[in-house]
Amino acid sequence: PELSPCGLLFCVGYTGDAAQDEICVFDSHSLQLQRRFGRGLLNDAERLAVGVGSLYVCDCDHDCIRVFSFAGELLRTIRGEWRRPIGIICVRDRLYLNERYDEGWDEDEDLRPEGYSPEMGRRVFVMSPAGEALHTSDLELEAGHRISSDVMAAFGENLVLKVRNQTGPEAKLVALKGL
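Residue numbers for the sequence shown, in the working numbering: 1 to 179.
If you're looking for bench data, these hints aren't it; they were derived computationally from the structure. It is possible that part of the hints are untrue.
Stated by the list, open to error - Simulated restraints on C-beta separations:
| no. | residue 1 | residue 2 | range |
| --- | --- | --- | --- |
| 1 | Gly-156 | Ser-117 | 36 to 44 Å |
| 2 | Asp-106 | Leu-176 | 22 to 30 Å |
| 3 | Gln-166 | Thr-136 | 27 to 35 Å |
| 4 | Asp-106 | Gly-53 | 24 to 32 Å |
| 5 | Ala-171 | Leu-74 | 15 to 23 Å |
| 6 | Leu-3 | Arg-79 | 20 to 28 Å |
A virtual CB, placed ideally from N, CA and C, is assigned to each residue, including glycine.
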């Protein structure tokens with residue numbers, strides 16, 4: 001969930017069919033549903049970010065970021081060199097994005113998404129709110145380790161990410177300095 005400055009709480013609504021994901025908007029005080037949008041447009045919607053007056057949604061299976069107004073109007077679609085965007089955060093008018101990685105892609109080439117790179121899950125992309133690519137950080141991780149989408153936060157001048165072992169339960173936090 002993401003909270004906007006105007007008191008709206010945005011959440012991804014999953015229907016069981018990834019092609020029918022939608023964004024649900026609640027009043028943050030009453031938790032009353034205000035509206036829904038994005039159904040039929042989003043396919044495997046993942047994390048959300050609020051920043052610069054807009055809502056950014058990771059549309060994983062379409063390999064893009066959908067940018068909406070708080071009223072639910074699609075403003076633009078951002079595409080880049082990343083594939084399967086799964087985590088996003090907006091800090092100081094910059095977007096930080098990471099991508100999904102599936103270990104099955106190493107075992108079966110037929111399962112790999114278009115544009116597959118063995119660096120998927122090891123990169124953090126930095127963009128302007130308009131989608132202009134500013135920087136890509138390639139993390140040097142141990143074999144079998146990838147960035148997880150469930151922890152991505154800014155603390156001071158650091159971007160903190162969860163890195164997990166694809167084949168075991170171990171996980172750790174890493175910090176990228178210099179936001």
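Cross-check of the supplied hints:
1. Distance hint check for Gly-156 and Ser-117: the Cβ-Cβ separation is about 31 Å, which falls outside the suggested range of 36 to 44 Å.
2. In this structure, Asp-106 and Leu-176 meet the distance hint of 22 to 30 Å, their C-beta atoms being roughly 25 Å apart.
3. The hinted range of 27 to 35 Å is not satisfied by Gln-166 and Thr-136, whose Cβ atoms lie roughly 21 Å apart.
4. A beta carbon spacing of about 40 Å between Asp-106 and Gly-53 contradicts the range 24 to 32 Å that was offered as a hint.
5. For the pair Ala-171 and Leu-74, the beta carbons lie near 35 Å from each other, so the given range of 15 to 23 Å is not met.
6. For the pair Leu-3 and Arg-79, the supplied restraint of 20 to 28 Å holds, since their beta-carbon distance comes to about 27 Å.
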